[in-house]
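> Spelled out, the chains give:
Protein chains: 2
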Amino acid sequence: MESKGNLNPLKLSIFILISFEALVLSKGRILLSKKPDPSDAAATARWLASQNSWGVLSTISNDLGGAPFGNVVSFSDGIPDQGRGIPFFYLTTLDPTARNALEDERCSFAISEFPLGTCGRIDPENPTCAKLTLTGKLKLVDSKSTEAKFAEQALFSKHAEMKDWPKDHNFQIFKLAIEDIFLIDWFGGPKPLTLEQYLSPKM
Amino acid sequence: MESKGNLNPLKLSIFILISFEALVLSKGRILLSKKPDPSDAAATARWLASQNSWGVLSTISNDLGGAPFGNVVSFSDGIPDQGRGIPFFYLTTLDPTARNALEDERCSFAISEFPLGTCGRIDPENPTCAKLTLTGKLKLVDSKSTEAKFAEQALFSKHAEMKDWPKDHNFQIFKLAIEDIFLIDWFGGPKPLTLEQYLSPKM
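Residue numbers (UniProt numbering), protein chains in the order written: chain A, 1 to 203; chain B, 1 to 203.
Hint data in this document are derived by calculation from the structure and do not stem from the laboratory. No experiment lies behind these values; they were computed from the predicted model shown. A couple of the hints might just be wrong.
Identical chains share a label here; the pair holds if one copy fits it or two copies do between them.
[Claimed, not checked] In silico SDA-like pairs for lysine to any residue, Cα to Cα no more than 20 Å straight-line:
| hint | residue 1 | residue 2 |
| --- | --- | --- |
| 1 | Lys137 | Ile122 |
| 2 | Lys149 | Ser33 |
| 3 | Lys137 | Asn62 |
| 4 | Lys137 | Gly66 |
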């Protein structure tokens, strides 16, 4: 006779499956690797870039009196868990961000650990909930280059629907040529992190 | 005799409770109201401002050659579900964003529907996953004003840990004096939305 207190294996499996699905659905994707130790700035920054799927890309808006214009966009730095740290974007000039960048390349891209779900109940502005801002130039990638092929794979592997976006919108690949890195992942202010260290982290 | 195919009420309750908890934990908070119809631009924009707890605040960085500098920050537009649409921030000049704003007030603040979990499997850059950018001036709020009292309630009710942040960091309340609203919540480009419409939506 089955004890009232036990879930049988079938019910338990269904429960685990549904809970897992709820978690995946609510976050949109699952984490492929564990958060590095905050003392390792380069690894933490690269982890943020590799695990996030979207962020805010800011450009200078001449239409808005030279104000900074932040825009929510998707990005990818490589196929899942094989990122190289450089964010690629799929943008159309129907959108102000691409138009702004073609007039003035200065930009920054900001991402947060918060939407990954690993900050727990900590506030998104608490310094232990990591955040990364990459500042530099937003550059159109030559569609015939090897880089464009890599970027397309990087983008489409993480954003499956992009390849079906309307052809007449003329989406093009842009990349952030990074010049400065701002990382907060613990108390005590931004972590010193050079571009060289960021591009070659010891993972 | 209990049928093998049924969960008894106790097991069902535990399952629902745990699934709900998983959902709350993964998103950090629960939604207090349903997403408005995309045809109602003002209500959708206000819903985004009221349901989100963080976004990216962009300022002009003189330290970075006048580049736009986006920074992940917490915000609040009012106590839960009673927002007024104007984002308040709790910032310290130990952080570049507040320093930038005191030199040049031009700023924008971008938030997305994606972290709320209501976009489902739709890509964060898909226009049906709503996004809002408020552009204007970032202004220090007089700490002795009635507005500061409202803002403090607004911030601390959504970000409980803020009131215990280190006093010697000298956190101050800033607000975004909105001048332009950029909302995408469906196909067909940004929705026309005036500040007046945004501040007095028919909810």
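> All hints, please: hold or fail.
These are the hints, each one checked on the structure:
1. Lys137 x Ile122: Neither. Shortest intra-copy (32 Å) and inter-copy (28 Å) distances fail the 20 Å Cα cut-off.
2. Lys149 x Ser33: Neither. Shortest intra-copy (25 Å) and inter-copy (43 Å) distances fail the 20 Å Cα cut-off.
3. Lys137 x Asn62: Close inside one copy (16 Å) and across copies (15 Å); limit 20 Å.
4. Lys137 x Gly66: Intra 16 Å, inter 12 Å, cutoff 20 Å: intra and inter.
The structure fails to meet hints 1, 2 from the earlier list, while all remaining hints are met.
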